[in-house]
Amino acid sequence: MASVVTGAQNKRPNPNSTSAAATREGDQLIITPLGAGNEVGRSCVYMSYKGKTVLFDCGIHPAYSGVAALPYFDEIDPSTIDVLLITHFHLDHAASLPYFLEKTNFRGRVFMTHSTKAIYRLLLSDYVKVSKVSVEDMLYDENDIVRSMDKIEVIDFHQTLEVNGIRFWCYTAGHVLGAAMFMVDIAGVRVLYTGDYSREEDRHLRAAEVPQFTPDICIIESTYGVQLHQPRPVREKRFTDVIHSTISQGGRVLIPAFALGRAQELLLILDEYWENHPELHNIPIYYASPLAKRCMAVYQTYINAMNDRIRTQFANSNPFDFKHISPLKSIENFDDVGPSVVMASPSGLQSGLSRQLFDKWCADKKNACVIPGYVVEGTLAKTIINEPKEVTLMNGLVAPLNMQVHYISFSAHADCAQTCGFLKELMPPHIVLVHGEANEMGRLKQKLVSQFADSNTKLYTPKNCQSVTMHFSSEKMAKVIGKLAEKVPETGESVSGLVVKKGFTYQIMAPDDLRVFSQLSTANVTQRITVPYTGAFEVIKYRLKQIYESVESPPVEETEVPTLIVHERVTIRHESDTYVVMQWSADPISDMVSDSVVAMILNIGREGPKVTPIEEKTQEEMERMARKVVHSLMVSLFGDAKFGEDGRLVITVDADVARLDIKSGEVECENQGLRERIKTAFGRMQGAIRPIPKP
Amino acid sequence: MGTSVQVTPLSGVYGENPLCYLVAIDGFNLLMDCGWNDLFDPSLLQPLSRVAKSIDAVLISHPDILHLGALPYARKHFGLSAPVYATEPVYRLGLLTMYDHYLSRRQISDFDMFTLDDIDVAFQNVIRLKYSQNYHLSENGEGIVIAPHVAGHLLGGTIWKITKDGEDVVYAVDFNHRKERHLNGTVLESFVRPAVLITDAYNALNNQVYKRQRDQEFIDAILRVLRADGTVLLPVDTAGRVLELILILEQYWAQQHLSFPIFFLTNVASSTVEYVKSFLEWMSDSIAKSFEHTRDNAFLLKYVTLIINKSDLENYAGVPKVVLTSMASLEVGFSHDIFVELATDAKNIVLFTERGQFGTLARMLQVDPPPKAVKVTMSKRVPLVGDELKAYEEEQEKIKKEEAVKKASIVKVEEVRATSSHLSESTKGDSMVIDPASATASPKASSHFRGQMDILIDGFTPPSTSVAPMFPFFENTAEWDDFGEVINPDDYVIQEEDSNHMVGNGKSLDVKPDEASVHLLLDSTPSKVVSHELTVQVKCALLYMDFEGRSDGRSVKSIISHVAPLKLVLVHGSAEATEHLKMHCAKHVCPHVYAPQIEETIDVTSDLCAYKVQLSEKLMSNVLFRKMVENEISWMDSVAEKTNEKVFTLLPPPSAPPTHKSVLVGDLKLADFKQYLSTKGVQVEFAGGALKCGEHITVRKISDSSQKGGTGPQQIVIEGPLCEDYYKIRGHLYSQFYLL
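So the protein sequences, as listed, match chains A and B. Under UniProt numbering, the first sequence has 178 at position 178, and the numbering climbs by one with no breaks. Under UniProt numbering, the second sequence has 473 at position 473, and the numbering climbs by one with no breaks.
Errors might be hidden in some of the hints.
Calculated lysine-lysine pairs in the DSS-like style (CA-CA distance at most 25 angstroms, straight line) [as the list claims (entries may be wrong)]: (1) LYS642(B) - LYS483(A); (2) LYS130(B) - LYS151(A); (3) LYS539(B) - LYS321(B).
What the hints contain is simulated information worked out from the structure, not anything from laboratory work.
Can you make the complete structure from the sequences, with help from the hints?
Take a look at the structure:
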């Protein structure tokens with residue numbers, strides 16, 4: 001159903017539809033990643049179809065700072081965007097939102113889920129505080145965030161909203177609390193944007209849902225490429241085993257993790273493990289993140305966005321009231337006397353508390369460091385995964401790396417198996433891969449190409465600012481309702497009525513029904529005008545008869561005063577000796593008729609009563625005169641025109657001969673063009689020489 | 001041609017009986033609400049019993065007895081097995097409401113209409129939806145889409161939109177267009193021209209005072225009593241309007257730093273508030289906003305103490321206080337007992353915030369003038385432990401008859417006893433939600449049972465920290481699934497029952513009917529219900545203020561006329577109100593207004609004809625749309641071509657179409673037009689209903705077209721002598737319309 005052209009530069013309309021090129025322009029669906037195209041970070045995908053524009057996500061790239069971290073907003077005109085949809089609160093999906101809302105001319109509407117909005121506020125405030133960039137590099141400040149909060153609207157899972165004819169709703173994505181996958185429906189074409197998603201149910205989050213409708217296009221993340229996750233129980237066991245064995249040997253465990261999202265899952269695992277192992281109760285678990293502590297209220301409130309397991313627990317006690325985990329403000333408050341487990345941010349060990357603890361503990365081989373998620377290239381965490389002999393501390397000294405380093409990923413992104421399974425269930429005809437390093441994405445693409453080899457699925461991996469264009473032939477359906485639909489037409493019968501378009505739905509109805517089926521209403525404007533006239537009413541009648549074919553004068557008994565009705569449109573009443581009253585219902589033709597009548601009446605007044613009736617011409621005379629006029633006009637138009645033997649007018653233009661029957665108006669001619677022209681010309685002549693016929 | 005729609009009321013028409021209506025859409029039977037009244041009168045459910053088995057789906061609109069009370073009974077006795085659809089709060093709060101009613105009933109009678117188990121079973125197959133979630137029904141409901149929308153009356157309250165083939169049936173009862181503290185107003189007004197609107201006439205004759213004024217009067221009334229050392233009793237529902245009242249009080253107490261204690265007392269008070277705290281996404285924008293900015297959950301109550309046991313109030317016997325307690329009907333529950341205590345003292349006030357259900361004590365007290373004395377039945381459950389104790393109990397009864405005030409407190413002592421007896425026997429694994437307040441309060445209870453209690457309480461130490469019954473501090477490892485506690489049905493089997501009213505069930509005063517209450521019911525001593533009548537002198541002040549949170553008559557009318565349904569069905573409202581609204585709507589809204597009787601099936605199938613066509617590209621490229629408000633509109637001439645059995649394609653006509661009668665589209669408001677003209681420098685004024693423009697020209701609108709919902713086009717007349725002004729003003733008038 002859709003023809004596809006890739007590449008923004010050399011897009012050409014489908015050759016077989018040159019005539020319809022203009023109308024097809026609107027049927028192009030364009031997808032352009034402004035960020036996260038062949039990279040991880042600054043997710044931002046632009047989509048436009050039928051003049052409606054949607055932007056998905058608005059993140060920053062964590063590896064850059066200042067304006068360089070933004071998606072390529074200058075590729076688009078922010079003022080044209082109708083809807084901006086944010087999938088979840090992570091910085092690479094939401095952090096350029098205050099900038100976009102406050103520093104650009106964006107005027108559309110922004111939506112995210114309730115919990116995303118609540119955490120977004122806290123997370124970005126924290127981000128602004130801790131990001132150590134110069135003032136001029138700051139993209140926005142706290143006030144911008146607060147102002148942006150007023151513009152952000154909320155949407156609940158499965159709730160269907162409509163803005164400007166764009167319908168959209170969201171599904172659980174399972175990545176972090178409040179993470180959503182958005183389905184957008186524009187004129188029947190559905191686009192699914194997954195954001196970050198995970199098909200695996202964990203301790204507190206539901207697995208990503210599979211939408212019940214197949215989207216036409218699926219824009220999907222590819223973070224993990226063709227990698228496969230270990231089964232969750234295995235990972236959990238490794239995780240708890242490492243921790244248990246370390247502390248039972250008197251060691252300390254460091255878990256560098258991002259404050260929100262996966263950290264809560266790890267805390268749930270730890271809290272449960274401690275609960276089941278009373279022998280560990282004297283070992284403290286610390287969680288060093290004031291931000292996470294502040295967000296805990298959000299976790300404790302939006303229980304309904306989580307899975308059934310946690311909701312069941314909630315019936316008894318709030319599972320996010322951890323029993324064995326205590327918060328830790330800073331390293332100064334930390335009493336490092338014996339075995340302990342500390343979860344601290346940042347996850348990359350770049351600086352901050354996690355780095356301070358790392359520096360302190362790295363030389364002791366009893367200690368362990370568990371890296372629980374995706375680590376970004378270039379950070380210390382990435383370095384130590386390869387277990388180098390030595391590391392450089394923050395103070396510049398080099399220390400031996402004796403502590404054990406474990407990489408156990410709990411990051412809730414779909415792996416290859418999940419992605420393939422998800423797409424297999426959906427079978428979208430178009431798949432656009434985003435949010436993945438070029439290599440990983442390439443491998444995933446190969447894998448998917450072979451998986452969908454026999455189906456007609458098309459795969460795209462656009463780079464940033466590279467557009468993918470697809471055509472969807474739109475079948476516009478309309479509903480004929482009301483009086484107009486009383487009879488279902490047969491082929492060839494005409495259907496005429498008002499078309500009302502709302503969003504992308506069309507209704508065809510009779511004008512009388514407009515009020516019934518829409519909020520619009522129709523009106524009749526009756527016009528009544530008084531024209532001064534002192535002459536005889538008969539004169540008006542006579543004059544009108546010369547111009548109009550139908551001038552009726554109903555008997556005076558019915559109308560009280562002498563009355564004329566012209567073409568059943570305009571009523572003229574002789575109400576007094578000094579004026580006549582004209583009344584008609586407004587529409588262009590009646591207005592025109594009334595104008596001519598007014599002009600005529602005024603002229604009678606000017607010419608005075610000297611006008612005398614000319615003798616009425618007979619029908620025959622009229623015809624003869626008409627013939628003469630038509631003939632001479634035809635001669636002036638086409639040159640060679642003369643009456644033939646059968647009374648028809650023979651017109652010869654170059655080699656073409658046409659015969660015109662003046663009575664019936666039929667034209668006989670082999671040249672189509674000439675025939676049409678003669679027909680048109682004759683029609684106009686007829687209009688000019690005869691009284692205006694009744695419509 | 002259209003979708004067939006039939007409506008059959010099963011209860012709740014021409015009166016205030018519970019709501020229950022059958023809506024059949026193309027043969028698919030939807031039950032709209034399944035209500036019962038506070039008296040649980042089975043005769044009301046007769047019509048339902050006849051159709052229950054044929055029902056395909058149940059849609060619930062609000063979490064109160066009038067809207068969902070009969071679910072457990074109908075499921076158990078009538079074989080109603082269809083899936084139930086409701087929003088999450090309606091499900092959760094409805095469940096708590098049912099528990100509360102059951103427990104209150106059970107305390108004073110051998111209530112056997114349904115059991116806790118029946119409630120759980122009935123709620124097990126509730127499918128929970130979000131607001132404006134389009135849910136596609138399957139199987140024989142194929143093609144029907146249901147969607148809940150904000151009703152604004154109770155938390156999670158729903159107006160249902162049922163769509164089939166583009167035709168909407170809207171079921172909107174008890175909606176409230178006003179934004180309140182915890183709820184947004186209804187979105188009913190955003191539905192335009194549904195095929196059928198089913199709505200209630202409940203408030204058609206009531207008009208409300210201003211909200212702010214009413215709130216102030218409410219607070220004033222309460223403070224007057226408190227300052228005079230009185231107690232304020234607010235009989236409320238379990239989990240509905242009470243939330244709004246709690247917020248009003250919280251807010252005012254916080255503003256004024258008042259120290260009068262406020263108690264919220266129901267069998268499920270703490271669970272209710274705990275759940276409500278997690279329903280922020282269903283509440284008003286301002287609550288959501290305050291949470292987003294400061295993470296202050298509005299239902300983190302600072303001034304209202306949640307209690308689930310009446311004995312907790314005894315510490316505050318003489319203290320001025322506000323007590324919000326269920327049931328609103330005063331028929332049963334804590335409110336009944338507390339009313340009896342308070343009624344005899346002129347210092348106190350009973351402040352009704354909703355109209356009592358017909359035939360209840362609350363309704364009797366709301367008449368004007370209020371009765372001087374009312375007869376009430378005091379019932380309580382007495383455990384039977386040997387004849388001696390039994391005789392003793394009865395003796396106590398006689399004494400207590402003379403001291404009505406003391407009586408209720410002893411009921412509570414009984415409950416404490418039951419709890420304690422259970423505690424000693426409870427085994428590991430089913431640790432229950434202990435009510436520490438009741439434990440601490442017990443020494444103050446009357447001394448008759450003290451000795452026993454000490455023995456029974458052996459082995460259990462209430463946590464010293466738990467001064468107030470704060471919900472999250474208790475642990476419970478009982479297994480829960482999506483629908484509540486995983487239970488063993490055997491636990492619910494009534495063990496013995498004999499002619500002596502001896503049943504195996506004790507009373508349950510637990511917060512949640514979890515493992516604990518199951519055991520409680522099972523383990524407690526055999527008991528019987530002792531009832532006696534007494535006459536209570538009503539000396540306390542009685543006051544009714546409307547906090548029902550429903551749109552008032554005037555707003556209902558304007559909302560209906562804005563929605564302008566093609567057909568309107570009126571239900572639930574006194575005969576007078578129904579007739580009144582029917583007359584009004586027939587005149588001003590639409591000619592098809594129905595107010596069926598019980599079990600009278602009316603056919604509201606729209607007489608609308610419709611068929612689908614495909615619009616060809618060629619045709620559409622020649623159609624130029626003009627924008628009007630939300631719509632784009634154009635005139636189209638086309639020729640039909642049959643592409644297959646059902647679908648036509650419209651193609652452009654082969655020749656120039658005949659001219660059509662032109663249509664002026666637009667809605668002219670004379671006032672707006674006047675303003676427009678004056679900006680164009682025309683002298684304009686109203687004179688005798690007409691607009692006088694310039695010196696001679698008048699513009700008028702004629703007759704009924706000015707009324708909303710009138711079906712004909714507007715009639716506008718412009719008249720005047722032939723002059724330049726005439727054409728100028730006509731030009732301006734034309735500019736208000738689109739000519740097609």
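(message) Run the distance test for LYS539(B) versus LYS321(B): straight-line Cα separation, threshold 25 angstroms.
(response) With a Cα-Cα distance of about 18 angstroms, the restraint between LYS539(B) and LYS321(B) holds, given a limit of 25 angstroms.
(request) Compare the distance between the alpha carbons of LYS642(B) and LYS483(A) with 25 angstroms, and conclude whether the hinted pair is satisfied. (result) holds (20 angstroms)
(message) With the threshold set at 25 angstroms, check whether the alpha-carbon distance from LYS130(B) to LYS151(A) stays at or below it.
(response) holds (23 angstroms)
In summary, this structure violates none of the numbered hints.
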